[in-house]
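Asks: Sequence:
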Amino acid sequence: MWGWGTIPMYEIAFQQMGYRVKFTDFETAVFGHLRVSPSQLHPNSMAFLRAFEVTAGYLRIAPIVKLFFHAFGLQRSCPK
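Remember, my numbering sits 250 above the position in the sequence shown when you count from 1.
Where hints are given, some of them may not hold.
To be verified - Taking lysine to aspartate or glutamate and the EDC-like style, the derived pairs with C-alpha atoms no more than 20 Å apart in a straight line are:
1. K272 with E261
2. K316 with D275
3. K316 with E261
4. K316 with E303
5. K272 with E303
Hints in this document: simulated from the structure, not taken from any laboratory. The structure presented is a predicted model; accordingly, all values stated were derived computationally and were not measured.
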């Protein structure tokens with residue numbers, strides 16, 4: 251059920267693709283900022299999010315949404 255504080259996902263992601271939900275606070279903040287669910291993002295985007303978090307941790311800075319989008323952009327696809 252979709253509601254405040256929840257993230258909508260397709261059931262197929264769990265049943266057939268082996269997806270597991272264990273998103274960090276940073277990932278959840280990015281989903282909220284973009285107003286998308288994880289299934290709406292390209293799979294490689296999750297790698298960029300994680301790489302940013304690991305790099306921020308190494309540099310001992312907080313991974314924040316504003317800093318992430320200073321380094322990375324979003325390209326929305328157009329319907330065909």
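Asks: So, for every hint listed, does it hold in this structure?
Replies: Verification of the supplied hints:
no.: 1; hint: K272 with E261; in the structure: 16 Å, holds
no.: 2; hint: K316 with D275; in the structure: 14 Å, holds
no.: 3; hint: K316 with E261; in the structure: 31 Å, violated
no.: 4; hint: K316 with E303; in the structure: 13 Å, holds
no.: 5; hint: K272 with E303; in the structure: 14 Å, holds
In summary, the structure is inconsistent with hint 3 from the numbered list given earlier, while agreeing with all the others.
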